[in-house]
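Using the sequences plus the hints, can you model the full thing?
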Amino acid sequence: GAVVSQHPSRVICKSGTSVKIECRSLDFQATTMFWYRQFPKQSLMLMATSNEGSKATYEQGVEKDKFLINHASLTLSTLTVTSAHPEDSSFYICSARNPRGPGTEAFFGQGTRLTVV
Amino acid sequence: GQQLNQSPQSMFIQEGEDVSMNCTSSSIFNTWLWYKQDPGEGPVLLIALYKAGELTSNGRLTAQFGITRKDSFLNISASIPSDVGIYFCAGQLNRGSTLGRLYFGRGTQLTVWP
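Residue numbers (the numbering used here), protein chains in the order written: chain A, 43 to 159; chain B, 617 to 730.
Read the hints as simulated data drawn from the structure, not as lab findings. Every value quoted in this text rests on a predicted model; they were computed, and no experiment measured them. There's no promise every hint is true.
[To be verified] Which chain B residues stay away from chain A? Per the calculated CB distances, all over 12 Å, these: (1) Ile629; (2) Glu631; (3) Glu633; (4) Val635; (5) Thr647; (6) Gln680; (7) Lys686; (8) Phe689; (9) Asn691; (10) Phe704; (11) Gln725; (12) Pro730.
[Unchecked claim] Rough simulated footprint, nothing fancy, chain A against chain B, three-plus residues with beta-carbon under 8 Å: (13) 648-657; (14) 660-667; (15) 716-724.
Every residue, glycine too, gets a C-beta built ideally from N, C-alpha and C.
This is how it looks when you write it as structure tokens:
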């Protein structure tokens, strides 16, 4: 299957600082990537759809100024958590779909565990 | 948004037993997917289903896309300890701007005792 790489896998930051998470498609070009958030023992919640060369589409209730998404190339999308607070601590996961693949399913990165102290 | 009901929420079984979990939706999906997630990792795709009625196997795993396109089940036969994890169903609409967007079930936590 297609490979999606996410970095870093873990990050601890101080309250008030910003954190950038990268999502790369390693063996295909992705015009669309998705960012999810997952709380312990819960399902994945879609935060936003990242579109290459245009603005991201945010789900209802997700602050776009808080969670900045940049999709500057066909293989890289970044999520920046700005002015992070302890309540932003969570597991963030990206996914991407290979538009030239045999199927339409999305593949996920390894996830980033963010802890804000 | 789309609501997916996944059951059971958790299962505790003995090694060698078969497992079944299912997902239902209030809406029709064009694709049903089953993922497994290990602690601290992203979900890994197990099986993808593209046609209503489709029955697909992947080793000891078998999944079916319901005829109504509103449900799917996943069976695991002869479970082994490494089957432990959280299993998620996901539906995909495959149209226009939503292509690739997934709607997830709440997950089934599987525990396998040796």
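To see whether the hints hold, each was checked on the structure:
1. Ile629: Nearest chain A Cβ is 19 Å from Ile629 (chain B), so the label holds.
2. Glu631: holds, 24 Å
3. Glu633: Consistent with the label, Glu633 (chain B) stays out of reach of chain A, its closest Cβ about 23 Å off (over 12 Å).
4. Val635: At roughly 19 Å from the nearest Cβ of chain A, Val635 (chain B) sits farther out than 12 Å, so the non-interface label holds.
5. Thr647: For Thr647 (chain B), whose nearest Cβ neighbour in chain A is about 6 Å away, the distance does not exceed 12 Å, so it is violated.
6. Gln680: holds, 16 Å
7. Lys686: Non-interface label stands for Lys686 (chain B): nearest chain A Cβ at 18 Å, farther than 12 Å.
8. Phe689: The claim stands: Phe689 (chain B) keeps its Cβ more than 12 Å from every Cβ of chain A (closest is about 18 Å).
9. Asn691: It holds; Asn691 (chain B) is separated from chain A by about 20 Å at its closest Cβ, greater than 12 Å.
10. Phe704: Given that some Cβ of chain A is not farther than 12 Å from that of Phe704 (chain B), nearest at about 7 Å, it is violated.
11. Gln725: Violated, because the least Cβ-Cβ distance between Gln725 (chain B) and chain A comes to about 8 Å, which does not exceed 12 Å.
12. Pro730: holds, 24 Å
13. 648-657: holds (count 4)
14. 660-667: Holds: 4 residues of the region 660-667 of chain B have a Cβ under 8 Å from chain A.
15. 716-724: This one holds; 7 residues, not fewer than the three required, reach chain A with a Cβ under 8 Å.
Of the hints listed earlier, those the structure fails to meet are numbers 5, 10 and 11, in rising order.
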